[in-house]
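Letter by letter, the chains look like this.
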Amino acid sequence: MNKKQLDIKRLINISKSIRLNVLDMVNKGNSSHIASVFSMIEILVILYEYVLKFKPSDPNWNERDRLILSKGHAGAGIYAILAEYHFFDKKMLNSHYQDGSLLSGHVSHIGIPGVEISTGSLGHGLSIGCGMALAAKTNNQSHRVYVILSDGECNEGSVWESIMFANHHGLNNLTVIIDRNKLQSIKNTEDTLKLEPFDKKWKSFGWNVININGHDYQEIFDSLNNKNELNSSPLCIIANTIKGKGVSFMENNILWHYRSPQNKEYDEAKKELLNER
Amino acid sequence: MRDSFVESLIDIAKKDFNIVLLTADLGFGVFEKFEEKYKDQYFNVGVAEQNMTGVAVGMALEGKKVFTYSIANFPTLRCLEQIRNDACYHNANITIISSGGGFSYGPLGMSHHATEDLSILRSLPNTTITTPCTELDVKMLTKELSKISNVCYLRLDKSYCKETQSNFTFGKAYRFRDGKDFTLAACGGVLEEAILAADLLKKDSINVRVSGFHSIKPLDKKEIFDSSENTGGLITIEENNILGGFGSAVSEVCMIEGKIPRKFQMMGLNDEFSSIVGSQKYLRKHYKLDAASIVKKVKSLLN
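Chains Z and S supply the protein sequences, listed in that same order.
First residue of the first sequence: 1, per this note's numbering; consecutive thereafter.
First residue of the second sequence: 278, per this note's numbering; consecutive thereafter.
Hints listed in this document are in silico derivations from the structure and should not be mistaken for laboratory results.
From the three backbone atoms N, C-alpha and C, an ideal C-beta is built for every residue, glycine too.
Please note: incorrect hints may appear among the correct ones.
[To be verified] In silico SDA-like cross-links for lysine to any residue, where the CA-CA straight-line distance does not exceed 25 Å:
#1 Z:Lys-137 to S:Asp-293
#2 Z:Lys-9 to Z:Lys-271
#3 Z:Lys-55 to S:Asn-368
[Unchecked claim] One-sided and incomplete, this derived list gives chain Z residues near chain S with beta-carbon spacing under 8 Å:
#4 Leu-52
#5 Ser-121
#6 Gly-129
#7 Gly-131
#8 Ala-135
#9 Phe-165
#10 Asn-253
#11 Ile-254
#12 Leu-255
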């Protein structure tokens with residue numbers, strides 16, 4: 001395993017910047033799902049800072065790694081990180097959720113450089129990822145395909161269709177990262193439709209499974225740098241996260257799946273994020 | 278029609294290694310030859326149409342020309358949202374094949390009667406919707422659709438019109454009979470009933486035009502407007518709900534362009550499910566889409 005020395009200070013700063021941008025976008029747009037975005041920020045930052053191959057000047061570069069955000073409701077996070085890594089001007093983020101904007105609440109690729117796939121209806125992304133990974137294999141291409149799923153999304157039957165497919169075809173160039181924040185729209189996942197024993201389910205479907213703390217930069221980095229190519233199975237990283245991570249009153253609070261921080265809540269959230277170590 | 282499709286696809290795949298055929302576990306005794314020749318271009322994805330469509334989109338966005346295959350409503354309605362959000366919105370180069378349009382699987386019952394697919398798929402943006410009437414249509418459409426980069430639908434019928442046309446132009450209706458008294462416009466295999474009806478009417482000195490439409494999107498407006506202007510009226514015939522399908526498409530363009538036929542009727546399923554079973558022939562008769570019913574309809578409209 002590659003024991004790379006991570007620049008933690010820089011990673012914290014990028015995460016902070018993205019959370020602040022997302023807070024502003026969600027506040028201005030009066031939009032939802034801020035907590036679903038905040039739970040996966042560290043994952044996004046490691047992906048873009050250390051893992052993914054990409055060229056902001058050539059978003060469709062053939063050798064890029066493909067990243068599909070299957071949990072499309074966290075689109076604000078993708079927009080913010082793409083702006084952070086210079087795919088487009090950060091000013092564009094101001095239009096999120098506004099009349100006439102291309103930056104929809106659920107991630108959309110049209111007119112937004114760097115977005116691989118539009119999603120928003122859950123349970124679609126992994127099938128597309130499987131198709132991309134299979135095509136990469138038949139084309140003898142070496143890029144990887146990454147798909148970020150929400151845990152609630154795994155209620156969808158189509159996800160399990162694609163889990164079987166990926167294993168059957170030995171798609172070891174495919175990595176799934178599950179944002180296991182344990183809360184879905186109305187209740188926690190286990191009270192809604194039991195997922196546990198979640199890792200055993202994936203393992204029994206033939207996947208290579210790694211459980212990590214989804215906010216620990218080193219653990220995220222190490223899991224993504226797992227030499228999965230030596231394995232014949234696709235890789236599933238179950239990233240245990242905290243929904244609403246970074247703002248104390250949003251953390252693990254179901255309210256923030258839909259609620260938009262306004263006025264005092266916005267000010268307090270901003271203060272907390274700015275003071276983050 | 279299914280065998281003609283496979284033969285044509287084998288021909289195309291010979292010259293193009295980007296052709297990929299996905300089947301959701303149907304096509305026993307049909308795809309073996311394709312699989313044998315092009316092992317790396319053929320995948321049976323299992324009974325999982327949603328995943329099949331998503332996989333097709335992923336492969337298409339990586340440069341493949343993907344055909345998805347299943348029967349009746351499975352490759353269409355079962356995975357409609359994957360078609361809409363993933364295939365159409367990303368303008369993916371995929372062709373959806375449903376083997377068994379309309380009453381093709383008549384004895385199998387309502388679940389296997391594809392009688393709304395045309396209406397529903399036609400309403401999706403970035404689509405080409407085709408309804409081959411003859412074996413030649415199937416062969417030519419398989420080639421044509423592999424070249425069209427948006428989402429295509431090829432509705433294969435078990436029945437087909439045995440009479441064939443001397444030429445094929447994509448998107449153009451073919452006139453199988455000429456006559457001024459009325460026009461019968463049909464899409465898919467049910468064209469054979471329209472031709473039969475025209476020949477019966479001729480015995481009573483009623484001369485009707487019969488136009489076969491292998492495509493409902495794009496629609497050959499020229500042929501429709503010509504029928505409106507130069508014949509006594511127009512009847513559309515389809516093995517599909519009359520709401521939103523071929524007849525609707527024809528009436529829409531006539532109204533919009535102000536080329537109103539003197540008389541107009543749509544023959545198809547009258548917004549109902551086909552709850553009884555039987556052969557395709559039997560069900561056409563029961564739901565009044567057979568030649569005798571068409572003859573009756575023309576005569577009643579002429580009186």
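Mind checking the alpha carbons of Lys-137 of chain Z and Asp-293 of chain S for me, to see if they're no more than 25 Å apart? At roughly 17 Å apart (the allowed maximum being 25 Å), Asp-293 of chain S and Lys-137 of chain Z satisfy the hint.
Quick check on Leu-52 of chain Z please, does its C-beta sit within 8 Å of some C-beta on chain S? Where the cut-off is 8 Å and the nearest Cβ of chain S is about 17 Å from Leu-52 of chain Z, the hint is violated.
Status of the Gly-131 of chain Z interface restraint (C-beta, 8 Å, chain S): For Gly-131 of chain Z, the interface hint holds, since the closest Cβ of chain S sits about 2 Å away, which is under 8 Å.
For the restraint on Gly-129 of chain Z, tell me whether the closest CB of chain S is nearer than 8 Å. holds, 6 Å
With a cut-off of 8 Å, does the beta carbon of Ala-135 of chain Z approach a beta carbon of chain S closely enough for the hint to hold? holds, 4 Å
Hey, Lys-55 of chain Z versus Asn-368 of chain S, does the alpha-carbon distance stay inside 25 Å? Answer holds: Lys-55 of chain Z to Asn-368 of chain S is near 23 Å, not above 25 Å.
So, Phe-165 of chain Z near chain S? Judge it on the closest CB pair being under 8 Å. With a minimum Cβ separation of about 5 Å from chain S (threshold 8 Å), the hint on Phe-165 of chain Z holds.
Going by Cβ atoms only, is Ser-121 of chain Z closer than 8 Å to chain S? With Cβ-Cβ at 6 Å, under 8 Å, it holds.
Under 8 Å, Cβ to Cβ, is where Asn-253 of chain Z needs to be relative to chain S, so tell me if that hint holds or is violated. violated, 30 Å
Assess, step by step, whether the Cα of Lys-9 of chain Z is no farther than 25 Å from the Cα of Lys-271 of chain Z, and give holds or violated. Holds, at about 19 Å.
Can the hint on Leu-255 of chain Z be confirmed by a CB-to-CB distance to chain S that is less than 8 Å? violated, 29 Å
Interface hint status, Ile-254 of chain Z versus chain S (Cβ within 8 Å): violated, 27 Å
Comparing the model with each numbered hint stated earlier shows that hints 4, 10, 11, 12 do not hold.
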